[in-house]
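Number of protein chains: 4
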Amino acid sequence: LIIKLKNGTRKDIIETLVEKYTGSVVHQNGQEMVITPSSFRKLDNEFTAHVDDLIVTDNDIQLSGKSYFDGKREIKVGELVFGGHTNKTVVIAGPCSVESEEQIFKTARFLKGLGINIMRAGAFKPRTSPYSFQGLGTKGLELLGKVRDTLGLKIITEAKDASHIDEVIEFADIIQIGAKAMYDHALLTACSKARKPVLLKRGFGSTIQEFVQAAEFILLGGNDQVILCERGIRTFENKTRFTLDLTGVAYLKHHTNLPIVVDPSHAMGYSYGVPDLSKAAMAMGVDGLLLEVHPTPKTALSDAKQQLDFDTFEQLYADLQPIANAVNVQIS
Amino acid sequence: LIIKLKNGTRKDIIETLVEKYTGSVVHQNGQEMVITPSSFRKLDNEFTAHVDDLIVTDNDIQLSGKSYFDGKREIKVGELVFGGHTNKTVVIAGPCSVESEEQIFKTARFLKGLGINIMRAGAFKPRTSPYSFQGLGTKGLELLGKVRDTLGLKIITEAKDASHIDEVIEFADIIQIGAKAMYDHALLTACSKARKPVLLKRGFGSTIQEFVQAAEFILLGGNDQVILCERGIRTFENKTRFTLDLTGVAYLKHHTNLPIVVDPSHAMGYSYGVPDLSKAAMAMGVDGLLLEVHPTPKTALSDAKQQLDFDTFEQLYADLQPIANAVNVQIS
Amino acid sequence: LIIKLKNGTRKDIIETLVEKYTGSVVHQNGQEMVITPSSFRKLDNEFTAHVDDLIVTDNDIQLSGKSYFDGKREIKVGELVFGGHTNKTVVIAGPCSVESEEQIFKTARFLKGLGINIMRAGAFKPRTSPYSFQGLGTKGLELLGKVRDTLGLKIITEAKDASHIDEVIEFADIIQIGAKAMYDHALLTACSKARKPVLLKRGFGSTIQEFVQAAEFILLGGNDQVILCERGIRTFENKTRFTLDLTGVAYLKHHTNLPIVVDPSHAMGYSYGVPDLSKAAMAMGVDGLLLEVHPTPKTALSDAKQQLDFDTFEQLYADLQPIANAVNVQIS
Amino acid sequence: LIIKLKNGTRKDIIETLVEKYTGSVVHQNGQEMVITPSSFRKLDNEFTAHVDDLIVTDNDIQLSGKSYFDGKREIKVGELVFGGHTNKTVVIAGPCSVESEEQIFKTARFLKGLGINIMRAGAFKPRTSPYSFQGLGTKGLELLGKVRDTLGLKIITEAKDASHIDEVIEFADIIQIGAKAMYDHALLTACSKARKPVLLKRGFGSTIQEFVQAAEFILLGGNDQVILCERGIRTFENKTRFTLDLTGVAYLKHHTNLPIVVDPSHAMGYSYGVPDLSKAAMAMGVDGLLLEVHPTPKTALSDAKQQLDFDTFEQLYADLQPIANAVNVQIS
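Those protein sequences? They're chains A, B, C and D, same order as listed. Each residue of the first sequence is one higher than the one before, counting from 6 in my numbering. Each residue of the second sequence is one higher than the one before, counting from 6 in my numbering. Each residue of the third sequence is one higher than the one before, counting from 6 in my numbering. Each residue of the fourth sequence is one higher than the one before, counting from 6 in my numbering.
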């Protein structure tokens, strides 16, 4: 149940609702609400007088669902907009990891030259092997801050766990929650209190239901700026690194009110397939693309096989334009 | 090994090769070849004199691989062309099953009116439950034959097993091997002897390697007109019927020489997502789309949820055109 | 609905039922029944007078379900018994393929010496690559027939498709439908008319629902002697060949009335894990084990890595005995 | 590479090794080692004089692999022992969540009465929905501490993220890292510094390779007491909650040196299948079983369907004994 309360509902009434229906209180756009587990299907008559609107939901996709808001949330990052009525697709690009000042500035200048406004790059890398490059950490964040200050690019970067979330919040314009951290309550909670947008990646072993429920943690905690990111799921197929779930993206577009970004680079795992998958996502009119690009992919310290070189990226970026036009979307 | 033999190589030499390397003899475009398991990495010197060209392959993707033919095979169905250098995307549409003369002719006329040249519809339905509608069988094939004769539409229809393959070959312009029959050797063998193109659907539990190897059965048996069809694989996600594997399609485009058709209807399982996925596949420049459309989807005897109604289909068909233009493809 | 009809119900009444409820007629143990799709939840009053018993089923697991028969079917193969009240576990063993008279007789004598009564071996091999060994075919069947005649072992062997089913029926005591043929209607239909037990392997990409529905095809067609065989499903894990689904076996034991055999060899794909998994299945009290054993696994023409050598098999067979005792099961 | 250094190797030499091979220093049982990524296959000659032993590993399963230690690590929790040469299977049981003092003491007394020495129960619950019961938190830990002090049972409880790890370390005898936290570096790092054993659950979407690599994070960080726990993976099958990967357990037993615990409750998701799967795991001779039991499963605040009631558990516990005897294992 999503219980939208009348203005000025008494505190003790709210507390009774919370207690009786194991609910949570949320304020959004001046509206006070109590959200209960979806297992509750109706409200006792005694509360009717205090209720402005009552939404019954089928499952725990509540604040993110179309029955709560039958449209798409608009999320602003300075002048960039994800979702809303804008028909925009934001292209986010950058290397897998920050590796050095030279590497990150070279990439940033290249992207800026193309007219791209926001860069991705990881400072804290959640590698599955302890013997792999783990990222530059704080030093990486500082380099990203320098890019932001110098070139004016927006920055999206990943918090891999709660231990360094404050630093990431400081340096990022959008906080990225990586696929491996999708269930991390400490991280979800910290992000729900942050005053910055969050890009939440789907866990590669996570159902869509769980994915959206992770977004609900953030929404319920008080941050209504959540962007979903599909980046491939793990299947029996191993010729490709993961399987990009565009059927799932079609589901999300139809059933949720959150903007959706697609990351073809991690799904494919090989640069040769990234342009085709980027075009596919663009033709679906998604709200953003997240692409890996590196000055010299072969020498990259992580994800060497899947990052595009500058020439390929530039060609792809040009090729996306006519598709954007074809589906009435503006690349930004 | 793909051993391309010199013209006029003696029969006993060929037999020795076949025996020694457990090979198979294939004639294609006037070229005689012996194909061996890919575990053989080289040929004894004694045979060198008889060999025109020798191709070493990494795995059992041989006749379908880029190392055998570094391009895309062209498959003609009357004036329709799949693959080759044509940059064409063939839109194939029609109902899941032939249900009645009225239903199939209504659909056929609608498609013809839009300029579509080839219709799909099943007469033998490989249902997983014995309690579901199993198709009209021979009567269904005859109705399809009538559509072909009357309206001039090409027909693609499915052989669900070897017991009725001869009938299907007679009535179909393209023989469809369904996902559930992908490993059926009797069917693959029968198709390898047929003089008609074969559209081979990927089993929903089959790896890409196995999928292409099933195509190799047909190619090796003597039929070089094979079209691959991706139609969704089975994953842990169950909000959608299957997961359309476009990462896999990117792999197939890069590594094989066979035309590729995408079927978003079966992958999604719900009509609402089909237009978006069709656009995605179109933007990848695939060689064909296979779409389900029905005069009254709600009353359909099979796949009721996923078939498009005429209005939605017409809108989609119109929407595909600008995307085709954007990627320099011609819809046919 | 499972409609058990009163003795002597008029033919026209039965025909009306079949027509009205798209039902099928089945005779079993002297009982005439009409089985309808499970979507029907009740019967019109006009038929009540003809009905002995009416079973409403939740899904298309009908003749194989506990609501139809709340026990386990007993299937006899000469003196061997699968299921029923016998608390027996039948150990079936043998090589992947019949390779030669020497190989098959050597194995058969070894098994007979241990007290094993039934041998497995494939003559028609449904390989995924056309470049792999495809089995000896008819010659292989004849060798199996010779083993049966000479040594008195029962034989289970696979029909890979409908084209050679008659031959297999002739030579086999139990007809095996392989994982890749689980959806093959021509094969299922042929088996439903055969007067021999059928061991139906689960497709590695098939849900339990589909698996049991495939059994329903055979049961509904008139053959009530079906044994289910779990042999591993395809998952994202690739350190092992497949993932043995013992959670699924627990489900099948609880919800169906069919005997269940477990095949750890194909699931694991490596001989080292087969003994442990055999013990696991034995401890669950399954009705049979299907194991691959070969005189010289390294030189086997198929499945070389997973077949046990004689010494390992003998040790395993001895180790199974105390576990059988522990769970009150008799190995036979 | 695992480079075992000679006693008293100079600090600057070690630093050179670390730098040159991006290695990490580990001390274990008085042995100083530098561990490098497995991509390094040999060591420069200049270092030979300082090396006691050099182990080349195939992949990043290093400290946990058989090439490092060809046996099974022994992990002591007071008088309880996991692994080693003991042939013991530790039965760990308890409710999903601590719900109240009455519930947890009732369960604890029941288990103690059966002779069980260690109890599981969650205080911090990593639920996928924000609308589900999230556990009693610190209060739950305190109740577990009271059970430990009063009844002398060992306690295993879960840290769901790094924000409360210190509390969990204080109250737990074994720290559990849950399936959803398997990639959480903050948690893995905190556990690698703890002086208590860690039970690491496999992520349900994680490969075995990643699972063992997560263990490597803890081992490399300095805590050599890691127990692996298989608890089911996510597959396409949805009749059961997850698919218990006993093929994977067979792999782990063969390739790693870590004790292995099996959790059939979470895999199955339904209590009816838990006894059979427990027996299966016992017959494989695993080092421990992790079972959910609750005084009144139907009213449980989490995992209601899968918890055993006392009677069923008692019966199962009795049934495990003869299987343990059959495989020469002692239940403790």
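Derived from the structure by calculation, the hints contain no laboratory data. All figures in this text were calculated on a predicted structure; none of them were measured in a lab. The C-beta atom is built at its ideal place from N, Cα and C for all residues, glycine as well. There's no promise every hint is true.
To be verified - Derived, one-sided and incomplete: chain B residues facing chain D with beta-carbon distance under 8 Å:
1) SER105
2) GLN108
3) ARG239
4) PHE241
* To do: Verify the interface restraint on ARG239(B): the C-beta must sit less than 8 Å from at least one C-beta of chain D.
  => At 4 Å from the nearest chain D Cβ, ARG239(B) passes the 8 Å test, so the hint holds.
* Given PHE241(B) as an interface hint, is the shortest Cβ-Cβ distance to chain D below 8 Å? -> holds (4 Å)
* Going by Cβ atoms only, is GLN108(B) closer than 8 Å to chain D? -> violated (33 Å)
* Proposed interface contact between SER105(B) and chain D, which counts if any beta carbon pair is under 8 Å -> Interface hint status for SER105(B): violated (35 Å vs cutoff 8 Å).
Comparing the model with each numbered hint stated earlier shows that hints 1, 2 do not hold.
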